[in-house]
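There are 2 protein chains.
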Amino acid sequence: MSYEPENRTKQTLAEQVAEQILNDIVDKDLEVGAKIPNEFELAEKIGVGRGTIREAVKILVSREILTIRRGAGTFVSERQGLLDDPLGLCLLKDKTHLALDLLSIRLMLEPEISALAAANARPEQLKELGKLRDQVEELINRGEDHTHADILFHRQIAACSGNLVMEKLIPVIHSSITLFVDLTNARLKQETIDTHREITDCIVRKDPEGARCAMYMHLTVNRRLIKSLEGN
Amino acid sequence: MSYEPENRTKQTLAEQVAEQILNDIVDKDLEVGAKIPNEFELAEKIGVGRGTIREAVKILVSREILTIRRGAGTFVSERQGLLDDPLGLCLLKDKTHLALDLLSIRLMLEPEISALAAANARPEQLKELGKLRDQVEELINRGEDHTHADILFHRQIAACSGNLVMEKLIPVIHSSITLFVDLTNARLKQETIDTHREITDCIVRKDPEGARCAMYMHLTVNRRLIKSLEGN
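Heads up: the protein sequence lines correspond to chains A and B, in order.
No gaps in the numbering here: position 44 of the first sequence is 44 in the UniProt record's numbering, and each next residue is one more.
No gaps in the numbering here: position 42 of the second sequence is 42 in the UniProt record's numbering, and each next residue is one more.
With the rest of the complex left out, here is chain A (with noise of 0.2 Å):
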């Protein structure tokens, strides 16, 4: 029942040069969508068979770190290293306990979040935070699925407060509750377009009490939401 990493059984060879290869896309900066060397250059290089090489780079291909374009090459995954459902909930039954739990990580986080993005943002991640709350409302306004920008709007939000590992959760959270909780958030239309502008006015202003008190207005509307539709 325990999550123990270190009952697990021994590395072998190919999950040790797989660690080899990720080590050296850290180490080399490599960006999101850099080649990497083929399987003949990385055989030689570290010295193993090619067989071995290829179990590895398909260790990191299933951990979303690499990704293979036929008749292209191997690359840095986009998908950096994040994979569908990262923390297992899918073997969660009760979707609607679980959209409130959701939801409850994100009164936890979020306001905090946006406070420490409006002490930290620099003006290029500002600029970039505009652009995605624009992004929202457009599609809002066209009537079409504003989901994914939604969640590129609150993973702005955390990448302006400067905490490295917000940047990974938010987008694992926000994408939990459309993976496994059927929501629709065209019930919330005015009031999204409304509380995002509040939100991203705070942070370009340097008002982290404003931009906790908006986010906190913003998930209470989508908490009466989810209450709302409870046992339906």
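These are computed hints drawn from the structure, not numbers from a lab.
It cannot be assumed that every hint is accurate.
Pairs involving identical chains hold if they fit within one copy or between any two copies, as the list cannot separate such chains.
Below, simulated DSS-like cross-link-like pairs (lysine-lysine); rule was C-alpha separation at most 30 Å, straight line [claimed, not checked]:
(1) K58 - K35
(2) K28 - K45
(3) K95 - K28
(4) K189 - K206
(5) K58 - K189
(6) K45 - K35
(7) K45 - K227
(8) K227 - K95
(9) K189 - K227
(10) K206 - K58
(11) K127 - K28
(12) K206 - K35
(13) K45 - K206
(14) K45 - K189
(15) K93 - K127
(16) K93 - K131
Position chain B against the provided structure of chain A, taking the given hints into account.
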């Protein structure tokens, strides 16, 4: 750069079959360690070839949802879909920054979780919490590594809170610390024993405010240690 689930390529047959096997595990409430039907039975039941079943099982093994024991069969994994590095933190380079950012997240979540645990814990959960606190103390007193026991203690507080996602999330954050940051808790032996006791006592006597404060104290001591190691 962005996290775009909807841009992914269409599901292969094996992925669809994997989804079906997963749904079956959830619907039937199969417990950790439960054996699932063999290849022949699955192929017949789902109406696809054995090769597809084998591929689907491989996908679920790589997602840590199933585990294969050679000669014994295929089972629901103890890891419950939790991967070693679900947030892709291995790609972050600055490990001290990472340690402080992980602690910031703990500071946002764990005092609240402790308060919720004090409000919501069931008697059998409290019994387990006491047991885990004792285990950490014993290991510290014997001079052995208590990292893993420590994670289980904090995970149990999350379980006591009643938030399903928190129980998954807390071990991820804690194990990330031990996976990527070489921090020894050895220096905080007596503080750990004392604050763990205070946290547990407050949760047991249903004192949310006390549990919140005790957890803040615990994390503050941890934060001081990380700050003191900075630049070393």
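Quiz item: Which hint numbers doesn't this structure obey?
Solution: Failing hints, ascending: 5, 7, 10, 12, 13, 14.
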